[in-house]
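One letter stands for each residue in the lines below.
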Amino acid sequence: MIVVFSISLVIGMVIPSIGYGLQLGLQSYMNTVFTYVVVANAGGCNEPGLDYCLNITTSLINNISSIRDIQNVYPVAVNQTDIIQLIAFNGSTVKDYHDFDSVVMGGPNGLPPDMVTTLCSKIIGNSGFLLDSALINQLPPSNNSLYTVCINCYPTGMQPFNASLEGTCAESSLLTNVDLIWNATFLQNVLGGESYRSSFDNSGFVLVKVDNVRNVEGVVKTLAGSLGQFGLTPIYDQANLLNAQSLESNLALPYTIIGGAAIAAGGLLMILVSYISTVRRRWESGLLETQGWSRKEIFRFQTVYLLLLSCASFTISMAFSFVVLPFLSTNLAIYGQIIAIKPSTNDLFYLIGLIFSVAVPFASSFLSYLSAGKHSLDQTLREN
Amino acid sequence: MLVVTAGAAGWIVIQSIDSSAYHAEATFANTIGPYVVVYDTGQNQTLKLQCLALHYSVCTQRLPESVVSQLSAIHGIEAFYPLVINYTGYLRYNVTEQGQTCIGNVCTPTNQTIPRVITTWGSAVLNDSGFPTSLLVMTSGRVPMQGEAGYIISSSSIDPALNATNPAYLNKTFLWEFTAGKKVNSPIIPFNATFDGIFAQSPVIGGKFSGIEVLWNSQFLEHVLGSTLYNESFGGPGANYIIIKADNLSAIPSVVQQVNSILNSTGWTEFQPRYDQAFISSLQNLQSSSLSLSSLAGYISLASGLVAELALVYLTMKRRGWESGLLVSQGWTSGSISRFYFSYYLMVGVISYALAVLASLVVTQFYTFSVDAFGTVLAINATPEWTTLALAFPLVTCISIFGSVPILVRTRWRRLDALLREY
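The listed protein sequences derive, respectively, from chains G and V. So in my numbering, spot 236 of the first sequence is number 236, and the numbers just go up one at a time. So in my numbering, spot 136 of the second sequence is number 520, and the numbers just go up one at a time.
Worth flagging that the hints you see were computed from the coordinates, not collected in a lab. As the structure is a computational prediction, the values presented were derived from the model and not from experiment. Please note that the accuracy of each hint is not assured.
[Unchecked claim] Short, incomplete list of chain G residues facing chain V, as computed with Cβ under 8 Å:
| id | residue |
| --- | --- |
| 1 | 7 |
| 2 | 239 |
| 3 | 247 |
We put the beta carbon where it would ideally sit given N, CA and C, even for glycine.
Full structure from sequences and hints, please.
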């Protein structure tokens, strides 16, 4: 009976925890994926060769940071990287420049390293760059992926240096029009502090992380209202945010039903087993009655006995869920954050288990008590 | 019988709902995720600078019909929407703007009046061969009706002239003058149009330089522009913006590869397939992680049901050992006793299975929900799968083996008086 009780309680506690965990996992996923807003210029500033305008000033970034419900603000500096290809032309060698919009990872105006790690095939080392995977065909031929490059060649005439292609990055709406990513430390070493600062000082866009998916629309509205006059627009995947909100709200029902069905099944199983056990052992109460026990004493005895069994079962099932559930976890790495998809125990499930553990013995004993009142002593004893 | 029925029905219902929840996630992911858009990404710097200098014909160059046709025949595509994006302009006269006049380092604010200002937006039409309404997610207002002089704008548009989020502009009639995609010698076709609503920005409406900001009713535009100009601007052969829906998330890399191959072989390298690879990857990760946990709920309910069934049969059987002794005393052989118990428990199992299937079919009938994805309503229900129902049958009827084999063993191994004494 302890086995059946324990199983019933495990059904009633573990399965709802899994449903609840799936629901929380989906919420965490949404709070990670759909809470980024890119603030960039709407176009028209016509920076030579760049898809971004470099006019997001520190005061604008401070304005953005002060908006309610924003968790993090990442201003990102953009500049142009040219990969130089030497081409033989009419007996002489000419330079062909392949332009890429580049950003840095790390540093004050760089992308968060965790995000780059998640989006790209590897972490950037100290000698090269990562490229948008869609642009890999646009690289000129190279010797062992080693290229001659320069940053901001035209206006400043910076000296070219050698760098290698270290990996590729997934296309992402967060990095729209970003072609190439450098390691900030590497570029500082190559360019020197002053040149680096002058090249990556002005932000081309700002990544805004909103704290919660429900606050995204509000933050976007505030951003649009306060930054529109500066030509800046918040860009985000609004359609899929709305789609995902629909999914989340509608999936809450099946997960709740799974939990409810499991609790109901567990409870029903406990009640049925207790009932069968009580019905088939009615003669025991008759035997006790022949020894002079009153019906109330028999009721108390049976209740205590079943309570002991169910409390032991509750303890076993609690221990089972505490030991087993932590192993049932999978992790997702999204945009530099780890989302754990795991069963989430809720105090409510334990409370329901405890209520069942207490209520079922009382109910069974009470049924037995009522049943004993309907039968004479010899009938009760004859049931053996 | 009640316990077995409850156990089997519980497992079938939990398994079905769990499976439906997982399938809802998968269907959702395959509805919103597998979109690839092909457009001129502005990689050609010379063309891009010309485009920024408002030489519209450069920005709106089309892939020829032959290339579009090849792209539409790619393997692994569920839907293919070739579009033509062109520019519509809002012409204003004598616009006063604040500027500044500088003498040396000293600047003073001045107002200047500009005689003619054209503000332009990337536009497309809404019809069967234009932007599909199934991909529209309206955040406010409504889609213009057939022939109506209305337009809707993307929520990402912040152009002051289109600032429909500003209440002062709502439902205001603008005077439009159409530039027909050419800066020089463009015909000016003036017409009035009314703002009807805002649609959600999304990756399928494009990027910063090739995106759709305004959607028009096609009948209306054809009416005001005339067929020739309309076809030259928004219709006719070829496309400069293509939305491709792959069969599912995992088909995307293959589709992208095929698109690249066609564009490279035909020399249209300015056009590129673009999709949110990171988002697709995150959706796939979510699906696989949810699947493992979802399956676990099914396995736990199945295992729990089986163990409960075993324990119950044991409880029942333990207290009925004397019955087989009674049958032996009446001259039954152990073979006939085991056949009798096997049939008895089989009957219990089959009836329980029938009741469980009936109960789960009834219960799951009441369970249905829907998810909105790109305006499509995905109806999700939890009708038990055939595999679940088929698997439940051997699991429930194995009660006959659980019940009869131990009785046979006890009957063979214990003496008759010991069996009868159990009564």
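Going down the list of hints, with the structure as the test:
For the restraint placing residue 7 of chain G at the interface with chain V, the shortest Cβ-Cβ distance is roughly 5 Å, inside the 8 Å limit, so the hint holds. For residue 239 of chain G, the interface hint holds, since its Cβ comes within 8 Å of a Cβ in chain V; the closest pair sits about 3 Å apart. Because the smallest distance between the Cβ of residue 247 of chain G and any Cβ of chain V comes to about 5 Å, under 8 Å, the interface hint for this residue holds.
Hint violations for this structure: none, all hints satisfied.
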